[in-house]
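Asks: Sequence:
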Amino acid sequence: MKKMFLIAVLAIGFASVTNAQVDGNAIGIRFGNGGEISYQHALGSANRLELDLGFGSWAYGGVYLNGAYQWVWDLSALATGFNWYAGVGGALGINNGLGLGVLGQLGIEYNFNIPIQLSLDWRPTFYLIPGTHFGYDGIALGVRYKF
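Residues in the sequence shown are numbered from 0 upward in steps of one, following numbering that gives the first Met the number 0.
Just so you know, the hints here were simulated from the structure itself, not pulled from any lab data.
Glycine residues also receive a C-beta, built at the ideal position from the N, C-alpha and C atoms.
Some hints here could point you the wrong way.
What the hints assert, rightly or not - Between beta-carbon pairs, the in silico distance windows are:
| id | residue 1 | residue 2 | range |
| --- | --- | --- | --- |
| 1 | 34 | 109 | 30 to 36 Å |
| 2 | 77 | 44 | 17 to 23 Å |
| 3 | 66 | 20 | 40 to 46 Å |
| 4 | 127 | 20 | 33 to 39 Å |
| 5 | 62 | 40 | 33 to 39 Å |
| 6 | 44 | 96 | 21 to 27 Å |
| 7 | 55 | 111 | 36 to 42 Å |
| 8 | 62 | 113 | 29 to 35 Å |
| 9 | 96 | 42 | 17 to 23 Å |
| 10 | 20 | 142 | 18 to 24 Å |
Take these sequences, add in the hints, and give me the full structure.
Replies: The structure is reproduced here in structure tokens:
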């Protein structure tokens with residue numbers, strides 16, 4: 000199912016060569032295996048930085064900070080307001096010691112006519128410390144206020 004979702008998003012995204020317009024900054028929450036306070040900062044018309052401070056699930060609990068540089072593309076072929084995005088970044092966590100990882104991110108978002116954004120994304124992570132292993136936090140839902 001996840002592979003089919005990924006293939007569909009990529010196929011539609013590659014068909015659309017127009018970059019999306021990033022609408023400034025956004026702050027909100029992101030729910031996956033744990034809760035995160037999420038902030039997005041525009042770095043241009045089609046790029047942004049996302050920082051997420053989380054509690055709960057990264058490395059099986061604790062507190063963590065994820066940061067991802069994201070590229071955003073227009074997905075208005077579905078409906079006006081849709082974008083898809085991909086990003087890379089890092090993860091730092093504390094839970095009975097320090098944790099460190101490298102992450103990727105792939106998602107879809109909908110921007111309402113009011114300053115609200117909904118997103119659904121997948122963030123696989125390659126953990127380097129405390130032991131090298133691959134994992135992912137599943138699919139997460141984000142709700143953010145745009146400003």
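Asks: Looking only at beta-carbon atoms, does the pair residue 96, residue 42 fall within the given range of 17 to 23 Å?
Replies: For residue 42 against residue 96, whose Cβ atoms are near 32 Å apart, the range 17 to 23 Å is violated.
Asks: Please check whether residue 34 and residue 109 have a Cβ separation lying inside 30 to 36 Å.
Replies: violated, 21 Å
Asks: With 36 to 42 Å as the target window, see if residue 55 and residue 111 comply at their CB atoms.
Replies: violated, 28 Å
Asks: Mind checking the hinted window 33 to 39 Å against the Cβ distance between residue 127 and residue 20?
Replies: With Cβ atoms ~35 Å apart, the hint holds.
Asks: Is the distance from the Cβ of residue 44 to the Cβ of residue 96 consistent with 21 to 27 Å?
Replies: Cβ of residue 44 to Cβ of residue 96: about 41 Å, so the range 21 to 27 Å is violated.
Asks: Is 33 to 39 Å respected by the C-beta to C-beta distance linking residue 62 and residue 40?
Replies: violated, 21 Å
Asks: Indicate whether the distance between the beta carbons of residue 20 and residue 142 respects the range 18 to 24 Å.
Replies: holds, 20 Å
Asks: Using the beta carbons of residue 66 and residue 20, state whether their distance is inside 40 to 46 Å or not.
Replies: Cβ of residue 66 to Cβ of residue 20: about 23 Å, so the range 40 to 46 Å is violated.
Asks: Could you tell me whether the CB distance from residue 77 to residue 44 stays inside 17 to 23 Å?
Replies: holds, 20 Å
Asks: Look at the Cβ atoms of residue 62 and residue 113 and judge whether their distance stays inside 29 to 35 Å.
Replies: The hinted range 29 to 35 Å holds for residue 62 and residue 113, with Cβ atoms some 32 Å apart.
Figure legend: structure checked against the earlier numbered hints; hints not met, in rising order: 1, 3, 5, 6, 7 and 9.
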